[in-house]
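Asks: So the sequence lines, in the order shown, correspond to chains Y, U and G.
For the first sequence, my numbering assigns the number 1 to the initial residue and increments by one for each residue that follows.
For the second sequence, my numbering assigns the number 1001 to the initial residue and increments by one for each residue that follows.
For the third sequence, my numbering assigns the number 2001 to the initial residue and increments by one for each residue that follows.
Careful, some of the hints might be misleading.
What the hints assert, rightly or not - If you only want the chain Y side, here are some residues facing chain U, beta carbon under 10 Å, derived:
#1 Asp19
#2 Val27
#3 Pro55
#4 Pro84
#5 Gly86
#6 Trp91
#7 Gly103
#8 Arg114
#9 Gln238
#10 Gln302
#11 Ser312
#12 Leu313
#13 Arg321
#14 Gly367
#15 Ser393
None of these hints come from the bench; they were simulated from the model.
For every residue, glycine included, the Cβ atom is placed at its ideal position computed from N, Cα and C.
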Amino acid sequence: MNCTPRFPAFLHGGDYNPDQWLEYPEVLEEDIRLMQKAKVNAVSVGIFSWAKLEPEEGKYDFAWLDAVIDRLWAGGIHVVLATPSGARPAWMAQKYPEVLRVGEDFRQAHFGNRHNHCPSSPVFREKTRAIDRALAERYAGHPAVILWHISNEFSGDCRCPACQENFRRFLQKRYGLLEELNRHWWTGFWSMTYTDWAQVEPPSSIGQGANPAMWVDWRRFSTAQCKDFLAMEKETVQAVDPSLPVTANLMHLFWDYDYFDLAEAMDVVSWDAYPSWHIGDDYLEASQFAMTHDLMRSLKDQPFLLMESTPSLVNWQAVNRVKKPGMHLLSSMLPLAQGAQSVMYFQWRKGRGGAEMFHGAVVGHDGTADTRTFRDVTRVGEALEKLAPLYDSPKAPAKVCMLYDWQNKWAIHYAQMGRRENMDYDGTVISHYRALWKLGVNIDFRDMRECTDLSQYQLVIAPMLFMTRGGIEEKLRRFVEQGGTLVMTYLAGTMGEDGLAHLGRTPHSLTDVLGIHTEELDTLTDAQHNSLRWGQRVSRISQVCELIRADTAEVVGTYGEDFYAGTPCLTRNHFGAGEAWYLAARTEDGMLAAWYGELIRALKIPRALPTELPDGVVAQERGGAVFLQNYAPERRIVALPGRMRDLLTDTVAEKEICLPAYGVCVLTAAE
Amino acid sequence: MNCTPRFPAFLHGGDYNPDQWLEYPEVLEEDIRLMQKAKVNAVSVGIFSWAKLEPEEGKYDFAWLDAVIDRLWAGGIHVVLATPSGARPAWMAQKYPEVLRVGEDFRQAHFGNRHNHCPSSPVFREKTRAIDRALAERYAGHPAVILWHISNEFSGDCRCPACQENFRRFLQKRYGLLEELNRHWWTGFWSMTYTDWAQVEPPSSIGQGANPAMWVDWRRFSTAQCKDFLAMEKETVQAVDPSLPVTANLMHLFWDYDYFDLAEAMDVVSWDAYPSWHIGDDYLEASQFAMTHDLMRSLKDQPFLLMESTPSLVNWQAVNRVKKPGMHLLSSMLPLAQGAQSVMYFQWRKGRGGAEMFHGAVVGHDGTADTRTFRDVTRVGEALEKLAPLYDSPKAPAKVCMLYDWQNKWAIHYAQMGRRENMDYDGTVISHYRALWKLGVNIDFRDMRECTDLSQYQLVIAPMLFMTRGGIEEKLRRFVEQGGTLVMTYLAGTMGEDGLAHLGRTPHSLTDVLGIHTEELDTLTDAQHNSLRWGQRVSRISQVCELIRADTAEVVGTYGEDFYAGTPCLTRNHFGAGEAWYLAARTEDGMLAAWYGELIRALKIPRALPTELPDGVVAQERGGAVFLQNYAPERRIVALPGRMRDLLTDTVAEKEICLPAYGVCVLTAAE
Amino acid sequence: MNCTPRFPAFLHGGDYNPDQWLEYPEVLEEDIRLMQKAKVNAVSVGIFSWAKLEPEEGKYDFAWLDAVIDRLWAGGIHVVLATPSGARPAWMAQKYPEVLRVGEDFRQAHFGNRHNHCPSSPVFREKTRAIDRALAERYAGHPAVILWHISNEFSGDCRCPACQENFRRFLQKRYGLLEELNRHWWTGFWSMTYTDWAQVEPPSSIGQGANPAMWVDWRRFSTAQCKDFLAMEKETVQAVDPSLPVTANLMHLFWDYDYFDLAEAMDVVSWDAYPSWHIGDDYLEASQFAMTHDLMRSLKDQPFLLMESTPSLVNWQAVNRVKKPGMHLLSSMLPLAQGAQSVMYFQWRKGRGGAEMFHGAVVGHDGTADTRTFRDVTRVGEALEKLAPLYDSPKAPAKVCMLYDWQNKWAIHYAQMGRRENMDYDGTVISHYRALWKLGVNIDFRDMRECTDLSQYQLVIAPMLFMTRGGIEEKLRRFVEQGGTLVMTYLAGTMGEDGLAHLGRTPHSLTDVLGIHTEELDTLTDAQHNSLRWGQRVSRISQVCELIRADTAEVVGTYGEDFYAGTPCLTRNHFGAGEAWYLAARTEDGMLAAWYGELIRALKIPRALPTELPDGVVAQERGGAVFLQNYAPERRIVALPGRMRDLLTDTVAEKEICLPAYGVCVLTAAE
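Model the full structure from these sequences, guided by the hints.
Replies: Have a look at this one:
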């Protein structure tokens, strides 16, 4: 499977757990009726169903699932079929306690919760393969089934003896000789030198707790473990029918695994998006999720699925707020605008018990369609039908590429420097993304290994590129040389992929491209600030001030305060046919918006709407349609470049359009 | 023992630990002299004395206790005799390590501290029974001994193999078949289905950590374990003399156990009250403790004992403040006003060492009576003598009943919804209580199972009645039908006692009584607010806004903000001969005071003083006497309905009385 | 070794880890060149080198260290030679897991990190002795080697079976009979009485967690363990050459051990000072470190070494800021002014990996001398050469003595009273110290056991002398009787060294000396305050208000608020030929500065500069030279008593001198 799977339509539906309702046959019947009413065309079935599918070791019970899938298909509803490995049944934990995960402090978990299997356990793998095979043999050919949903929200790691052994094997493969491991982990520090592979244990707060390179390798290993497990499940189910595609639902900017790496083991990327609306600024929240949507699209550079979202609220945040009128449609159009092919929910129906019994669902405990949530969901179903022409129009090719790299994120965190626990890589990437998103620009993400060819882009942005890997220095050099515009920031080129700090001047191998070198890293408390003076403007600086020296670069902006007032903070260097910018400090949104605005205009990069948009409003283009979104709590009037038709309402607007609070429209040029 | 025990007088005294002072015979002599001087008439002896009573396994030493009790009795002082099970001796932990408790994470404690026995341990039970029997045989007939004090401040739970086995037995009794347990715990969620009773373990952060119904059952089980242990001790000591009553000292709105249930295993309720004076608003603090006093009185619907309080300060709060002049008498009158029959202290004399060596005591390390604390205590002793006529006048029958239900509290906490960790059941109940207490109204508490007959009440208040149990729906329906006034609030009737969410419209089985049904639950961050508009008034709303629809109810108040502005927030419904109110949001004290003020006036419910009282002043009636209490840091002038005599000073006031800061008087109609 | 070791000069250098760079021979060569350039004359070698020195059990490899030391010596650089016991090699943890420490919760650590050996482990001791002996035999006679650096930053404790056994032995020695232990630990409380030594375990949060006396004894034991280990290493290396002195680097006001006790096991005290400049008020920060410098000097009453400091920034604080221009010289002169004989750094060169790869170093990853840090360090090297005449002029004898006592600190913390976790002993001592430091007064520290002869002092200050020990009452009485001035504060004389509260009036045995006795301890929340009225002045009071009664003392100041307004807060008592002050509340810096200013003037105690200094400026005298230091972020003009020469710049100032921001000069009378 190397091409993008094609589904019958934009998928609309969600997690469906009929196995919790087998004693309520009238509910199961009613479900189909309500799904049809809500314009649901696909549901995810079988997540966490292991105990129902294999109630006793080796004895499968598929009768109930046969009925469920047939009933759905009879109702015209497709099935995303899950493998049940997200939680093992109690009998397995009882008979084979080694399937239970061992924690960070080397203590083994007891039976309970979910996502806590040991990924190395031979018996857990064997049991998973067996049930996956049985499921595939039974359902892979069913016309209702359109996609495999492997396990659920993979997470975490294990330190059991088998995983420890696998960790050592991973390191042996990576380093060959123990001497090489010692060299890269710099074990001379604190006399940590290993003289026997058996001495190497996973990092732990009660063991080896503070070696940065070791921690990064542990995260790489955890990714490899997860990927290997996912690949095993994929192979198992596709051994029966190679044409049925596979996904695994991911989670936001998830810490544990390198998603660029993990995505290689699936055919289509899907993820679970849970914004916290109406807690803080909804526009900021939306930009963060827009970024992750683009990132998910970029993982395989193809359309992705929104596998879970809430039709109303969740139950696990500190404060759980209901969505205000309009917000459900608006927040469902957000992923569509960034390239999603579905709007799916957790969950179809609220369970009567369990940890998430009060998580939002399309159908509540009252069981009726007479709720605001049900009507909101139905409206999204209708919208998806109206937007059907866009299904085959994915997000247009981007001219801007941002680097987001999990291994770099880990390296920054474990490096212990600056503001230590709070260098805020994610927040920084999001703030650069936001400035461009607000401009209506299309953006791709790449990690350092993935960005093999940057020539398709005009602008490459690489915030906080602390750990360089995959020959990124050479790639960026070539990109600029050939006429590209590069933006880099503080921390660039400090460490190598091998875990060792670069020797010599930094940013490593890029000082001539950037025309600067870095000297010191000052960080500020939350109460401290500096300023950037550029042109006639002054912008506030927080958190990080890198002290740099301009060698060949033009000094565009300088620090305004402290003993380094007047020294360079923002520089531009001509190199080859292109130019390279360096921003040495953390600046606020306003500065980024203004600066990128000028860059985008200068580079003539296309925008969804060329006009200035009011606060809270964003426009994104997909397949020639402009998704105009208002995240402000008040109505906004937007000037239009001409007559445009709103696909959602089939109305035409002339010069301007008025969006209500949390309003959205999808505009195409009106004939 | 089914009637209220009668003691010789209001008890005044406290925990007395002569076993710590056996090497200081002059101190033991001096104690008697000082007790007499301080008007002490009863002390609690033997708490934590196991190591002294049984210094070696099976070898009892009662000689010192004989002397102590005889010396006390010779001095005219009664004895509350404790069983020593609050802490086992070191030799027992050494020889029988299974008596040590196993924690939440399945790790066994080492010897140390207190209250950490395993309640299931056969050997701990056997040793407890043996020493209890020996104590009873020796002292039950002693004229000084008036009450058994079982163990001390029962708390916590244990996850050792024996307790796990008991937990499974408890569940077997509750559910019969494992299928039923699976059904009620909704184990289909996250594939948690049990197929063997042996798979069921206690909830744990490293095991099954997130099932609401399981957690509630664990708390029920822990209550049952504690009750069974208490009952065992009670039976043991009363096997010798069934006429000597039994108590166990409780703790505030204690999380671990259902006190309504636990109270069944004792003859008289006692508790340990430790307000934090002078940290925040003393009036708010007083109202909270007044509520708990009323709750303790309500547990068995009979007078209760204040078993511990501090004569000065404690040592275990973050900041420990001394009581300001007047506060000791005032805070000692507070429980009396709510129906207490004693003022007892922890502790008589400060120990020279140990964890609480700086906890306040009647006698300090200086050993003298020449302290402010000793004089304050003596003044309380004198006051109790003056109030002797009230001993046989318990709190008058209340016309208002509030529901406070431990199982409901647990259910709300474990349910994971809304503001998750912070739905604040206790705080909400207290705020409703406070409004009525301020009005001088008598209030009883019931839990859902206990409130078999509500017909004696005019007004029943059921805040946040999330989990319904004991047929409460039917009881409330009947109460309103027959003319009662019912107040309910958000969350009402959401879950059943069986752990499952109610299906259909909520509040379950009460929508016709209330004339409304609930639709959505919005919760707010601490920075967010809404408002209630009722009549000409506007009150602030915080934390919780439930969205409801009025079916037959009259809309008395509406929301002022957000998209649900104008929808019902406060409603009244006529049903049968009565009426039912519903308050859908959390409102502030001012709103509750005004609203309940109108209700109380309309219902003509009697008040201690019918006049408006100044800020900080509260009046409560007991046995025809009005306890007029000033919690303000300034003097207050209170208008009186006529000539009244202050029993404490034997002075008569006409039209008004002036209370100094922290002043108190006990007024009766003057002849 | 009982006299102060004499080194060739003020030492300038730092931790040098060539063992991490053995694969980079060009770096090792470059190191010598750069050290010479930076005026480095001594480096610490071999810290954490065990894995390199003994790569396999019993097989030593000294070749690399031979070369390193020879190369240094050829370059004219001295060596401080470390024993490697700060971290054991991996093979040792693998073969002898008992060398790994057992934690507070009785769980054994896995291999990793540092400073986590078991101090009792026979095998760890044997291995340490063997390698120490081998090092001594090889290098003790090397002309480069001037000092032994034992282990590194001793810390922590262990609860393994061997340590438990040692704990019991320690207690047996201290108490003899178990009955005596029971008596002093007051085990009657909570029935904790021990009947078999084997029942006694270390304190633990999962065992015996709350006995104050036990905790203090545990800290005493931990000190004894550490001291015994240090003594073992000292004896081992000095068995070869008794003339080579020994130090162990200490850490600030470190909690774990009694440094007065520990210092007895070394020949010269050294410590690692890491102020957090530019985070808060630099003047406050400086005063805190000045205090610790004086304390370190006082431990053995002889000059001390600054063993570690950072040449730029650290990497382990929440926010790590670079030093502003001037600050490195200023902060290096601070210890000199208080009596240090060295300025040493962690570390010479930044490692390429490991936990502290981004900790500041003289040489960074760029490997050049062309950095601000390198220039700052060189400037300090030059300054030390200019100050050479001061090497043999230690700090002048002080007339003021402050009591700082580790056991008192522990006792206050474990006692559980007042503001419990926050009585702030260290902060209180520092605030008294600051007032005197600002006045330019020389100050010695003593603990209660050490202060055998107070007659050399005019003023003795004993803040929060909660636990009295070492006969301090008698020492203070004699001091006042003979004409001394004593200052005591709240909490004085409450507990005895034996763990028991003093009986009778407090301050124990000092009520006649002070002319007061204490009655109650009120503590305040952070939001609450009182005031001190003394003379015409009013000062704010925070945190602690002790209520006292003046017996013979003159009341100099009274409380301004609360019910104890008007009662004594500051008193003075004439006793014998001297006088004793008592300050009952925590007052702010302004009050202490004014009050001590009057005392110092009245007592005619000499000051570095008699004039009033501007804010942020401090003057300290050493060997006739005045270290004038400006911690303000702006320049300051200071009036001079006459013509003075700045040793650092060799310039002469007349009436006044202008210090830039963070400026420093070292002034002597100009001829």
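Asks: If a hint holds in the structure, say so; if it doesn't, say that too.
Replies: Hints, verified against the model:
1. At its closest, the beta carbon of Asp19 (chain Y) sits 5 Å from a beta carbon of chain U; the interface hint therefore holds under the 10 Å criterion.
2. Among the interface hints, the one on Val27 (chain Y) holds; its C-beta lies about 9 Å from the nearest C-beta in chain U, closer than the 10 Å criterion.
3. The interface hint given for Pro55 (chain Y) is met, as the beta carbon of that residue sits about 6 Å from the closest beta carbon of chain U, less than 10 Å.
4. The criterion of a C-beta within 10 Å of any C-beta in chain U is met by Pro84 (chain Y), whose closest approach is roughly 7 Å, and the hint holds.
5. Because the closest C-beta pair between Gly86 (chain Y) and chain U is about 8 Å apart, less than 10 Å, the hint holds.
6. The criterion of a C-beta within 10 Å of any C-beta in chain U is met by Trp91 (chain Y), whose closest approach is roughly 5 Å, and the hint holds.
7. For Gly103 (chain Y), the suggested interface contact is upheld, since its CB lies about 7 Å from the closest CB of chain U, less than 10 Å.
8. Restraint check, Arg114 (chain Y) versus chain U: the minimum CB separation of about 5 Å is within 10 Å; hint holds.
9. Because the smallest distance between the Cβ of Gln238 (chain Y) and any Cβ of chain U comes to about 24 Å, over 10 Å, the interface hint for this residue is violated.
10. With its C-beta approaching chain U no nearer than about 31 Å, Gln302 (chain Y) sits outside the 10 Å limit, and its interface hint is violated.
11. Interface restraint check: Ser312 (chain Y) against chain U, minimum CB-CB distance 7 Å, threshold 10 Å, status holds.
12. Hint on Leu313 (chain Y) holds. Least Cβ distance to chain U is approximately 8 Å, under the 10 Å limit.
13. Interface restraint check: Arg321 (chain Y) against chain U, minimum CB-CB distance 6 Å, threshold 10 Å, status holds.
14. The beta carbon of Gly367 (chain Y) comes within 6 Å of a beta carbon in chain U, closer than 10 Å, and the hint placing it at the interface holds.
15. At its closest, the beta carbon of Ser393 (chain Y) sits 34 Å from a beta carbon of chain U; the interface hint therefore is violated under the 10 Å criterion.
When held up to the earlier numbered hints, the structure conflicts with 9, 10 and 15 and fits the remainder.
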